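S.K.: Listed below, chain by chain, are the residues.
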Amino acid sequence: MARFFFDSGEHDVVIKDQIGIECAGLEEVRRVGFEGLIDLTRDALAEVDGQQVFVEVRNENGDRILRLSISLQIKLMR
Amino acid sequence: MSPTSSSDVLIRKLLSISDVRQTDIDVLKSIPIQEKDFLANYDLVREGDRPVSSFVVLDGLLGSTKHTGDGKRQITSFFVAGDIPDLHGLHLSVMDCNFSTLTPARMGFIRHDALRAICEQHPRIATAFWRSTLIDAAIYREWVTNVGRREAYTRMAHILCELIFRLRSVGRIQDHVADLPITQAALGDALGLSTVHVNRMLQELRRRGLIATTGSRVHVLDWLGLTHAGDFDTTYLHQRNPAV
Numbered sequence: 001m002a003r004f005f006f007d008s009g010e011h012d013v014v015i016k017d018q019i020g021i022e023c024a025g026l027e028e029v030r031r032v033g034f035e036g037l038i039d040l041t042r043d044a045l046a047e048v049d050g051q052q053v054f055v056e057v058r059n060e061n062g063d064r065i066l067r068l069s070i071s072l073q074i075k076l077m078r
Numbered sequence: 079m080s081p082t083s084s085s086d087v088l089i090r091k092l093l094s095i096s097d098v099r100q101t102d103i104d105v106l107k108s109i110p111i112q113e114k115d116f117l118a119n120y121d122l123v124r125e126g127d128r129p130v131s132s133f134v135v136l137d138g139l140l141g142s143t144k145h146t147g148d149g150k151r152q153i154t155s156f157f158v159a160g161d162i163p164d165l166h167g168l169h170l171s172v173m174d175c176n177f178s179t180l181t182p183a184r185m186g187f188i189r190h191d192a193l194r195a196i197c198e199q200h201p202r203i204a205t206a207f208w209r210s211t212l213i214d215a216a217i218y219r220e221w222v223t224n225v226g227r228r229e230a231y232t233r234m235a236h237i238l239c240e241l242i243f244r245l246r247s248v249g250r251i252q253d254h255v256a257d258l259p260i261t262q263a264a265l266g267d268a269l270g271l272s273t274v275h276v277n278r279m280l281q282e283l284r285r286r287g288l289i290a291t292t293g294s295r296v297h298v299l300d301w302l303g304l305t306h307a308g309d310f311d312t313t314y315l316h317q318r319n320p321a322v
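Protein sequences, first through last, are from chains A and B.
Mapping of the first sequence onto the numbering used here: residues 1 to 78, in sequence order.
Mapping of the second sequence onto the numbering used here: residues 79 to 322, in sequence order.
The shape of chain A in the complex, shown without the other chains:
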């Protein structure tokens, strides 16, 4: 088990994870990050075309190892 830090944000506003989460490996980091992204999307995604929310994962050395993001497109069809 190692500790990973899941920073999350929208646009340039990033909230740094100062607590971290213990994960058994990259597979778990990815799953945990994805669950976080779902909550973040529900919470922070506004009705703004092009808005992106993301979760970025650091390991204990501070290296960025994974980024999950989702962005919103709103297009007027006529």
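If you're looking for bench data, these hints aren't it; they were derived computationally from the structure.
What you are looking at is a predicted structure, and each value in this text was computed from that prediction instead of being measured.
Virtual Cβ for every residue (Gly too), placed ideally from N, Cα, C.
Keep in mind that a hint or two might mislead.
Quick list of simulated restraints, FRET-style, between CB atoms [stated by the list, open to error]:
| no. | chain 1 | residue 1 | chain 2 | residue 2 | range |
| --- | --- | --- | --- | --- | --- |
| 1 | A | K16 | B | R128 | 47 to 55 Å |
| 2 | A | I19 | B | Y314 | 44 to 52 Å |
| 3 | B | P182 | A | I19 | 18 to 26 Å |
| 4 | B | R286 | A | A46 | 51 to 59 Å |
| 5 | B | L299 | A | R64 | 27 to 35 Å |
| 6 | A | T41 | B | C197 | 28 to 36 Å |
Based on the hints, put chain B in the right spot on chain A.
M.R.: Chain B only, in chain A's frame:
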């Protein structure tokens, strides 16, 4: 600060929610209570059990939990010192949820036959117990609202307000500083949130200057601000002296 006996813990709680009198207190003091210590994450009672006793929380934090068919856990309520989480087991013989310790905890077990005898002879005590289970139900209603309809940030603030208010009302904390050695995963299970989002919400509360945390210690820096952030109104806790 720790109360002298397990019946004192129970009496303090009942005094905070009902009008038990000295004669009732003497009776409550005579109830045989068997104390037992537990590690964190221990299931005291499981769904389907048929307990012959109920327990009062003497120390530590407990959660009522349910599991979905695919194994996800929802914590449906917290219980603190003085609470009698499975008091309904006195009348509903088969348990419909689990009660698990969330921190190391001490419980005091009271046999159902002893509880029944006391309730039959002392209606004010029976009323106090009834009130206790009614308040538990009010807390469950609040939690459904919290998990179902409040935003994650409000949800987190609310649960912290509730815990601190409840710990204060039974004299476990004096101010707005509480040692809450609950895991982030357990907080997530109580809030219906991922662990990542739990961390984000705690960070957000810190960033806005409402709380400070050191290890498992939560220090509320701005109680009024936290109650506003948490949409927290104490009515559902039905305290006799809502002094907080």
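S.K.: Hints first: check each against the structure and report whether it holds.
M.R.: Against the structure, the hints:
1. A:K16 with B:R128: 47 to 55 Å: 49 Å Cβ-Cβ, so the 47 to 55 Å window holds.
2. A:I19 with B:Y314: 44 to 52 Å: Taking Cβ atoms as reference, I19 of chain A and Y314 of chain B lie about 30 Å apart, which means the hint is violated.
3. B:P182 with A:I19: 18 to 26 Å: holds, 21 Å
4. B:R286 with A:A46: 51 to 59 Å: violated, 19 Å
5. B:L299 with A:R64: 27 to 35 Å: holds, 32 Å
6. A:T41 with B:C197: 28 to 36 Å: violated, 51 Å
In summary, the structure is inconsistent with hints 2, 4, 6 from the numbered list given earlier, while agreeing with the others.
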